[in-house]
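K.L.:
Make the full structure from the sequences, and use the hints.
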Amino acid sequence: MYSALWRRLPGAWPVKLLLCLVMLAAAVTLLFTVVFPWAEPRLPFTDVTVEDSGA
Amino acid sequence: MNGVRATIRGTGELLITLGLIVLLFCVYQLVWTNVSANAIEADARTQLEEQWTRPQVEASPAPSGGAPELPTAAVKPGDSFAIMYIPSLGKNWAKAVVEGVALSDLRGTIGHYPASQDPGEIGNFAVAGHRATNGEPFRNIPAVKIGDKVYVETEETWYVYTVRSTEIVRPTKVSVILPVPNKPGAKPTEALITLTTCNPRWASYERWITYGALTETRPKAEGPPPELLAQKG
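These protein sequence lines map, in sequence, to chains S and Z. Under our numbering, residues 232 to 286 are what the first sequence spells out, in order. Under our numbering, residues 108 to 340 are what the second sequence spells out, in order.
Derived by calculation from the structure, the hints in this document are not laboratory data. Do not take every clue at face value.
Below, a sample of chain Z positions facing chain S; criterion: calculated Cβ distance under 8 Å [what the hints assert, rightly or not]:
{"id": "1", "residue": "I115"}
{"id": "2", "residue": "A239"}
{"id": "3", "residue": "C305"}
A short list of chain Z residues far from chain S (calculated; beta carbon distances all over 10 Å) [unchecked claim]:
{"id": "4", "residue": "G126"}
{"id": "5", "residue": "S195"}
{"id": "6", "residue": "E228"}
{"id": "7", "residue": "V270"}
{"id": "8", "residue": "K280"}
{"id": "9", "residue": "T324"}
Covered by chain S, per the in silico footprint, the following chain Z stretches (three or more residues, Cβ under 8 Å) [what the hints assert, rightly or not]:
{"id": "10", "stretch": "127-139"}
{"id": "11", "stretch": "207-213"}
Ideal placement from N, C-alpha and C gives every residue a C-beta, glycine not left out.
P.N.:
Next comes the structure, spelled out in structure tokens:
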């Protein structure tokens with residue numbers, strides 16, 4: 232999976248490394264700003280109120 | 108043979124990646140939400156303090172002629188309107204109180220149940236806050252014992268509440284935030300406070316409730332309550 236990605240990236244190895252780091256940063260940003268905030272309320276740590284529906 | 112090896116290798120890489128994502132989620136939950144919550148809270152508190160000390164002249168240039176509104180009637184959901192101090196949670200424990208208890212309201216600090224009363228008002232000033240993650244303001248809530256003080260600072264007044272009891276209840280027990288807690292329909296005669304958070308700390312099948320009653324009201328002009336200053340040290 233990752234070796235195939237490496238082979239497909241253009242340029243010499245420093246360019247490939249830079250591209251990899253950029254993609255990694257993009258993936259982490261996506262996780263922290265979209266995926267994790269979406270997943271968070273589905274876990275029990277954030278239920279602190281009393282409510283009728285009884286979450 | 109090469110196909111089999113490639114498949115095994117691909118599966119391995121995928122599993123390692125998923126493992127790393129889960130680890131990263133732990134970092135997000137245990138570290139990042141606290142970092143961002145503390146920043147939101149500090150911002151809200153600074154803003155509030157600035158707003159309170161700003162000269163009143165520019166605040167109301169042209170009264171619209173309508174009926175005078177109650178102070179918190181003007182507070183929009185998500186806005187902070189008070190600062191709470193609980194020395195038994197930490198010498199310098201101070202949190203802005205925002206209007207609303209939605210997840211987005213509690214992302215940075217503690218929130219006021221909109222249906223409950225305002226600070227100092229006859230009835231119940233009910234507040235919710237996280238006990239784990241998102242700044243975890245009520246992390247050590249069991250340390251708040253009977254007789255401990257909860258200070259609420261608003262624009263004009265200091266309200267001092269004294270904790271009278273604590274209780275662990277089911278999450279559906281909404282009666283804890285009634286004007287007279289757990290007595291539906293009863294006519295309130297006292298100004299009370301109720302704090303709600305989760306119990307146990309990392310789970311959600313119970314709520315830790317702390318009840319208190321107003322024992323002192325102090326105009327801001329007289330300065331902060333001396334006991335609070337002494338605690339802060």
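K.L.:
Please check whether the beta-carbon of T324/Z is more than 10 Å away from every beta-carbon in chain S.
P.N.:
T324/Z clear of chain S: closest Cβ-Cβ about 27 Å, beyond 10 Å.
K.L.:
Measuring Cβ to Cβ, find out whether K280/Z lies farther than 10 Å from everything in chain S.
P.N.:
6 Å, violated
K.L.:
If we take the beta carbon of E228/Z, is the closest beta carbon in chain S still more than 10 Å away?
P.N.:
Given a closest Cβ separation of 20 Å, the condition holds.
K.L.:
Closest CB-CB distance from G126/Z to chain S, is it above 10 Å?
P.N.:
Holds, because the least Cβ-Cβ distance between G126/Z and chain S comes to about 14 Å, which exceeds 10 Å.
K.L.:
Taking the minimum C-beta separation from S195/Z to chain S, is that value above 10 Å?
P.N.:
19 Å, holds
K.L.:
Is the hint on A239/Z kept, meaning its closest Cβ partner in chain S is under 8 Å away?
P.N.:
It holds, given that the least Cβ distance between A239/Z and chain S is near 5 Å, below 8 Å.
K.L.:
Report holds or violated for chain S covering the stretch 207-213 of chain Z, Cβ cut-off 8 Å, minimum 3 residues.
P.N.:
Our answer is that it holds, as 3 residues pass the Cβ test (under 8 Å) against chain S, meeting three.
K.L.:
Does I115/Z pass the interface hint, meaning its C-beta sits closer than 8 Å to a C-beta of chain S?
P.N.:
Given a least distance of 11 Å, the restraint on I115/Z is violated.
K.L.:
Taking the shortest Cβ-to-Cβ distance between V270/Z and chain S, state whether it exceeds 10 Å.
P.N.:
18 Å, holds
K.L.:
Would you settle whether the hint for C305/Z is holds or violated, based on the nearest Cβ-Cβ distance to chain S being less than 8 Å?
P.N.:
At 5 Å from the nearest chain S Cβ, C305/Z passes the 8 Å test, so the hint holds.
K.L.:
Verify this for me: three or more residues of the stretch 127-139 of chain Z with a beta carbon less than 8 Å from a beta carbon of chain S.
P.N.:
holds (count 6)
Checked against the numbered hints listed earlier, the structure breaks hints 1 and 8; every other hint is satisfied.
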